[in-house]
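K.L.:
Make the full structure from the sequences, and use the hints.
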Amino acid sequence: GINIAGAIRLARELGPGHTIVTVLADYGTRYQSKLFNPAFLRGKDLPVPGWMEAQAEISVPFEEVA
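Letter by letter, the sequence shown follows residues 17 to 82 of this note's numbering.
Heads up, none of these hints are tricks.
Label pairs and their in silico Cβ distance ranges:
#	residue 1	residue 2	range
1	V39	P63	20 to 30 Å
2	P65	H34	28 to 38 Å
3	K60	G22	31 to 41 Å
4	P54	R28	42 to 52 Å
Source of the hints: derived by calculation from the structure; they are not laboratory data. Where is the CB? At the ideal position from N, CA and C, for every residue including glycine.
P.N.:
Take a look at the structure:
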């Protein structure tokens, strides 16, 4: 809503001949299993951030958590 409303308002103010871009963000829940998955990223030849590798190496047995 608000992104589109703002883009329409700006378009009216600027008039014809201008380009307006807006970013519609979401929570990322549909692709978080891929975006934050080092194995998936490597499989697509994409870089894996160091912080993600560090997270991927942490393993805590369930008994210690419960």
